[in-house]
Amino acid sequence: MTDSDQGSERVDVDRQTDHGPADQELTGGQRRAERRVGVALAVAILAGVGLFVVYFAGGQTQIEGVLFAVAFGGLGVALGIWANHLLDAREVVEERHELTSGPAGRAAFEMALTEEVGPVIGRRSMLLKLLAGAGGALGLALLLPVLSLGPAPGDSLKTTPWRRGSRVVDEEGEPVQLNQVPLNGFLTVFPEGHTGAADAQTLLIHVRPGSLKLPPDLMAGVPDGTHVAYSKICTHAGCPVGLYRAESQSLICPCHQSQFDVSDGAKPFFGPAARPLPQLLLGVDDENVLVAQGDFTAPVGPAFWDRGR
Amino acid sequence: MMVERSLKYLDERLGTASLARKTLRKVFPDHWSFLLGEIALFALVVLIFTGTFLTFFYTPSVQEVVYNGPYAPLQGAEVSAAYNSVLRLSFEVRAGLLMRQTHHWAALVFVAAIVVHLCRIFFTGAFRRPREVNWIIGILLLFLALGEGFTGYSLPDDLLSGIGLRIFYAVTLAIPVIGTWVTYLLFGGEFPAPDIISRLFVFHIMLIPALLLALVGAHMAILVLQKHTQFPGHGRSERNVVGKRLWPEQTFKSVSLLLFTTAVLALLGGLAQINPVWQYGPFVAYNVSSPAQPDWYIGFLDGALRLGPPWDLTLWGFTISEVFWPAILFPGIAFGILTLWPWIERRFTKDRAEHHLLDRPRDTPVRTGIGAAGLMVFFIMFMEGGNDIFGVLLNVPVETVTRILQWSLLIAPILTFLVTYWICKSLSRTQLRPAHITAGVRLTRTHDGGYETVPLEPAEAEEKLEPEPAEP
Numbered sequence: 001m002t003d004s005d006q007g008s009e010r011v012d013v014d015r016q017t018d019h020g021p022a023d024q025e026l027t028g029g030q031r032r033a034e035r036r037v038g039v040a041l042a043v044a045i046l047a048g049v050g051l052f053v054v055y056f057a058g059g060q061t062q063i064e065g066v067l068f069a070v071a072f073g074g075l076g077v078a079l080g081i082w083a084n085h086l087l088d089a090r091e092v093v094e095e096r097h098e099l100t101s102g103p104a105g106r107a108a109f110e111m112a113l114t115e116e117v118g119p120v121i122g123r124r125s126m127l128l129k130l131l132a133g134a135g136g137a138l139g140l141a142l143l144l145p146v147l148s149l150g151p152a153p154g155d156s157l158k159t160t161p162w163r164r165g166s167r168v169v170d171e172e173g174e175p176v177q178l179n180q181v182p183l184n185g186f187l188t189v190f191p192e193g194h195t196g197a198a199d200a201q202t203l204l205i206h207v208r209p210g211s212l213k214l215p216p217d218l219m220a221g222v223p224d225g226t227h228v229a230y231s232k233i234c235t236h237a238g239c240p241v242g243l244y245r246a247e248s249q250s251l252i253c254p255c256h257q258s259q260f261d262v263s264d265g266a267k268p269f270f271g272p273a274a275r276p277l278p279q280l281l282l283g284v285d286d287e288n289v290l291v292a293q294g295d296f297t298a299p300v301g302p303a304f305w306d307r308g309r
Numbered sequence: 001m002m003v004e005r006s007l008k009y010l011d012e013r014l015g016t017a018s019l020a021r022k023t024l025r026k027v028f029p030d031h032w033s034f035l036l037g038e039i040a041l042f043a044l045v046v047l048i049f050t051g052t053f054l055t056f057f058y059t060p061s062v063q064e065v066v067y068n069g070p071y072a073p074l075q076g077a078e079v080s081a082a083y084n085s086v087l088r089l090s091f092e093v094r095a096g097l098l099m100r101q102t103h104h105w106a107a108l109v110f111v112a113a114i115v116v117h118l119c120r121i122f123f124t125g126a127f128r129r130p131r132e133v134n135w136i137i138g139i140l141l142l143f144l145a146l147g148e149g150f151t152g153y154s155l156p157d158d159l160l161s162g163i164g165l166r167i168f169y170a171v172t173l174a175i176p177v178i179g180t181w182v183t184y185l186l187f188g189g190e191f192p193a194p195d196i197i198s199r200l201f202v203f204h205i206m207l208i209p210a211l212l213l214a215l216v217g218a219h220m221a222i223l224v225l226q227k228h229t230q231f232p233g234h235g236r237s238e239r240n241v242v243g244k245r246l247w248p249e250q251t252f253k254s255v256s257l258l259l260f261t262t263a264v265l266a267l268l269g270g271l272a273q274i275n276p277v278w279q280y281g282p283f284v285a286y287n288v289s290s291p292a293q294p295d296w297y298i299g300f301l302d303g304a305l306r307l308g309p310p311w312d313l314t315l316w317g318f319t320i321s322e323v324f325w326p327a328i329l330f331p332g333i334a335f336g337i338l339t340l341w342p343w344i345e346r347r348f349t350k351d352r353a354e355h356h357l358l359d360r361p362r363d364t365p366v367r368t369g370i371g372a373a374g375l376m377v378f379f380i381m382f383m384e385g386g387n388d389i390f391g392v393l394l395n396v397p398v399e400t401v402t403r404i405l406q407w408s409l410l411i412a413p414i415l416t417f418l419v420t421y422w423i424c425k426s427l428s429r430t431q432l433r434p435a436h437i438t439a440g441v442r443l444t445r446t447h448d449g450g451y452e453t454v455p456l457e458p459a460e461a462e463e464k465l466e467p468e469p470a471e472p
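Protein sequences, first through last, are from chains R and S.
Oh and the first sequence: position 260 is 260 in my numbering, straight run, nothing missing.
Oh and the second sequence: position 34 is 34 in my numbering, straight run, nothing missing.
For the record, the hints were derived by calculation from the structure and aren't laboratory data.
Be careful, since some hints might not be right.
As the list claims (entries may be wrong) - Derived SDA-like pairs (lysine to any residue); straight-line CA-CA distance at most 25 Å:
{"no.": "1", "chain 1": "R", "residue 1": "K158", "chain 2": "S", "residue 2": "T180"}
{"no.": "2", "chain 1": "R", "residue 1": "K158", "chain 2": "S", "residue 2": "T314"}
{"no.": "3", "chain 1": "S", "residue 1": "K227", "chain 2": "R", "residue 2": "G102"}
{"no.": "4", "chain 1": "R", "residue 1": "K267", "chain 2": "S", "residue 2": "L313"}
Take the sequences, apply the hints, and build the full model.
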């Protein structure tokens, strides 16, 4: 034994008390447990070998999953039985130690903290203020790059690519003519040149003649009195409003089941949405192709703070 | 000998021997419910290993590519590079699908284990002084786990997760005053801005895991420092810990639990299909799937959005969205109460003492009742998250399901509190104790014809509880 060994040799009492003596002789139960541990470990070995075979044979997800489970499970069973039956499970009592350092300890820490620094700080309050100012200015300046993470919102949430005269096209970019959509049918459309644009997605619905209850100024944007167009973006949480019930002429958002009355300006009549789907006023050009009269009647999609400004 | 030499080497440089010896002899109380947090930890271990594997193949980019892999229905389709890499991982990388599915299952189990562990801490009063700090860390870990789950769920850039992201965008837009700016800085512009997938990736594999691991470390260090709580019982007091030592008993048990957790997750990952993104299709801004449900732990939020009232407010020209009430205000209040619970409870009980012995839930009927009512609120919202599925299953209109659950939200939590309170009170009155194994006695006949009972030694009693093989 070297000197350093003796130095670290501190057999301190751990404030622990053991209960129950250690039983050296194997009982019948322990012998059975030993056998079971052996079997479980053997099964784990086999599953491990099996994994090699399956992997190099080309791999198979289900078999791999089962073999991994058997390998891990076998090891787990083995250790579990080992812990429960083969370890001499003694209950041990350990005393809790005091968590707090006590008033004296805290006072000593305070001393240590202020001994050197305290008197210096006390005399130089001006420097201290400047130090805080420098830290604050630098801290704020360090936050500046966060602003690079995104563009300023500006009016971008209130506008879409729809313009006066934008021709209406389908998902493939093909112009959509009056009566191309069959009665009671609907189509997702975009402004020409912006096919697939997320904020411009619009539902063109061919409703039954005479079924729309719109004021005259909005009715003026419904060619033939049957081709009405609403924003496809739910005003609740922004999902595409993808379901249309032709018999009741209502739109349903599959995400949160808001329902909109197509006959009555797409006003919500059930579910969490609070605002109607904005309408897109349409007209027809001389080639019988549908065209927009301008942007939507209101900002599309979910509400935001300065939406009404 | 090698071991002896290396131990000596380490000890001479780091002084590890006495510290390690003390650690090995540390005592942990033994109760099944103390293992719930361990399950969360072990699921995290599985998540780190499977997740590392996944990062070697995943491409965090929305660049359009043409899919030309072996999955026939999508061949020739324009998809994002992210979606393409997930398909490749699922169909072409050997053991890739197993890793992906195991990772997803592990995430579900991770959050579930955290929630159940949190319930155990709450209902037994383990958050009381001196453990308030670890309560806060635990709540932060829950939030981080939810964030980690949601960001990971969104990475494949499939249609279903794209819709989830779109809803999250609507929620951040609904933050009063700063919502628009926060949303644009987070998403990099109007939805669907191309930067979002790569940003989610950085959150998912770097920022959140780093915080998560640091806090898990702190959580466990504080646990070791403060020593574990224990249930009251024979020989147990506020001043001691009665249980098994870290080595060997607890180590064997914990490693066994780690192995079992991994086995179950591997079995699920191999056999139970999860998040088949090739069936959902790539994200397209104007497409939607129905029915659409998120992973279970986001279910309550989706349900809250479904049963929220259609009330938006306009104040001086500014808009407060109808999304604000269910998706920001409700979780804000609910998780606020949860976070501050140790202090809220102290206000009423005036109990400032240190507690190392746990409460039995029946002995604190008010706390247990409030906890049960809170769980009921989340449960109703979770159910509402599947209102369309229930509508189809029960053959009732989805409107009916929503109305019933809206009324339940007003009534059921109060009933739950009252019933729980009453059950606790009557259990407390009857003085029934949880069933546990008694040590057993030996019955012997005395010479004068009477009987004598002799208690068995614990070791002997354990032996007797096992059926003996018939002696030949």
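Consistency of the hints with the structure:
{"no.": "1", "hint": "R:K158 <-> S:T180", "result": "holds, 12 Å"}
{"no.": "2", "hint": "R:K158 <-> S:T314", "result": "holds, 17 Å"}
{"no.": "3", "hint": "S:K227 <-> R:G102", "result": "holds, 19 Å"}
{"no.": "4", "hint": "R:K267 <-> S:L313", "result": "holds, 17 Å"}
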